[in-house]
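Top to bottom, those sequences are chains A and B.
Going letter by letter, the first sequence gives residues 0 to 262 in numbering that gives the first Met the number 0.
Going letter by letter, the second sequence gives residues 0 to 262 in numbering that gives the first Met the number 0.
The reader is advised that the hints may include incorrect statements.
Note that the list lumps identical chains together, so a pair holds whenever it fits in one copy or between two copies.
Straight-line distance between alpha carbons at most 25 angstroms, and here's what the computed PhoX-like set of lysine-lysine pairs gives [claimed, not checked]:
1) Lys239 / Lys123
2) Lys217 / Lys243
3) Lys217 / Lys38
4) Lys217 / Lys128
5) Lys200 / Lys38
6) Lys38 / Lys123
7) Lys200 / Lys121
Keep in mind that the hints were calculated from the coordinates and are not lab data.
2 protein chains.
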Amino acid sequence: MAEQLKVSFIGSGNLAWHLAPALDNVGFQVTEVYSPNSKHASALTERTYQAEVKDSLDFSTSRSRIFIIAASDDAIKEIASHIIMPVDSFLLHTSGSQPLSVLESSDADNVGSFYPLQTFTKNKKVDFKIVPFFIESSNTATEKIMLSIARALGSSVKKISSEDRKALHVAAVFASNFTNHMLMIAKEILHQNSLSFDLVKPLITETISKSLTVGPEKSQTGPAFRSDLEILDSHMEFLKDNQKLAEIYQMISQSIIDMYNPK
Amino acid sequence: MAEQLKVSFIGSGNLAWHLAPALDNVGFQVTEVYSPNSKHASALTERTYQAEVKDSLDFSTSRSRIFIIAASDDAIKEIASHIIMPVDSFLLHTSGSQPLSVLESSDADNVGSFYPLQTFTKNKKVDFKIVPFFIESSNTATEKIMLSIARALGSSVKKISSEDRKALHVAAVFASNFTNHMLMIAKEILHQNSLSFDLVKPLITETISKSLTVGPEKSQTGPAFRSDLEILDSHMEFLKDNQKLAEIYQMISQSIIDMYNPK
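Start from the sequences and build out the full structure, keeping to the hints where you can.
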């Protein structure tokens, strides 16, 4: 069954970079990669066994049945309205924030949303066993296809509505993108003072471990949590030459104060 | 040597809660706990082998030589100006943000700053082997005392100036306190939509693992990083009923855009 399924990728970003070779390794066959930037498409085909670069969105003669759009969110609608699909094929998008209906304008018989809730960067190998997929589809045939892909990868799968998926995506931005940015700011402050980021790594590890174990609501510490205004003032003074960081410091501190010490 | 060193605690907060019994277990002897709230002091003495509650800051007849102030930062100066120390004893504070000089007003012969860079909450056991101590002292005798305490606990130790310690503390607020708050916000958004915080745990684990391995500057992902304005707008729309969260979302997203996509 799954051994024979052929897959084409539309888009060659961070997700496609990891997902295409992973599918090749679990019994699927990646046959084509389309990207507006043909160099990117070409680089990705080199990570697969036999995929070729596709230079248009006309897949009418494609051997693939599964078409995975792994492009930036604002490109999905455009792709959907231009893609020409073979009959009885499946068009999936991988976006956290786009509803399933974004694929309605395509000529696909079957559409699905196949959202991997993980952070992907090219320089870090991904173990798909720790990538939960959230799926939504127009029919059971599409659902089965997505289940078979996720299961082949060893990933967990959960059905979710477009609305809940958006909430999940917003939450993920706070939990992942913004968290990483907090670490980046910490690193910058340390570097500006010739201190190594390594110094705070044990703190970061313990913070996250605690937060995931006992819950973030029982893990909050720090001057804002204690409403220690003297320290908050001294930190604002410390950041006075970097107005943007000072504003972020103040806004998040106020959010912590409001949450734990409401007036 | 270390077996005979007696320690008194001034303050009974989260740090003292973990440090006092830990010292008892590595050959020190905690003899006294002072807290403005005697119930808190009493609760902490029950975690030690034989410490007693002390009801004043007059330690002139104390058997201890080491006095650790583990109180809120704004209380340290007040404690230092009122404490009466026995001769040849050591007064240490544990604050990340207070300079060593905050102890100058005390009558202590030896003063030191003994700052553990970790997050402590009462409900989560602490392994002091993952707590780096940052120390600063007025003389080598105090330095030796602090080194002996840290080494007995199995902790790493690093000398640091008051100025650098403040930078480290501000960085730690971003890396730990603010990071935890991002997770808290994520949890709230999920709960408001009847979704479990468990769904984003693999994402959080991978985010931090990647950030600590390859560096936060090479780990940033998300709509702000890609300057995907359509998603940013749709997320702001999603958060429109929670003005404070929307402001935080916008400010951090702008900070990410400014860092990676400067105009």
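Now the hints, each set against the structure:
1. Within a single copy, Lys239 and Lys123 get their C-alpha atoms no closer than 36 angstroms, and across copies no closer than 35 angstroms, so neither meets the 25 angstroms cut-off.
2. Taking the closest pair of Cα atoms, Lys217 and Lys243 come within 25 angstroms of each other only across two copies (21 angstroms); inside a single copy the shortest separation is 29 angstroms, beyond that limit.
3. In this homomeric assembly, Lys217 and Lys38 come within 25 angstroms of each other (Cα to Cα) only across copies, at 22 angstroms, whereas the closest approach inside a single copy is 49 angstroms.
4. Proximity of Lys217 and Lys128 under a CA criterion of 25 angstroms is satisfied inter-copy only: 23 angstroms between copies versus 29 angstroms inside one chain copy.
5. Proximity of Lys200 to Lys38 under the C-alpha cut-off of 25 angstroms is found in neither arrangement, the shortest distances being 37 angstroms within a copy and 35 angstroms between copies.
6. Taking CA atoms no more than 25 angstroms apart as the test, Lys38 paired with Lys123 passes inside one copy only; the shortest distance there is 21 angstroms, against 51 angstroms between copies.
7. For the homomeric pair Lys200 and Lys121, the shortest alpha-carbon distances inside one copy (23 angstroms) and between copies (21 angstroms) are both at most 25 angstroms.
Consistency note: the structure conflicts with the earlier hints numbered 1 and 5.
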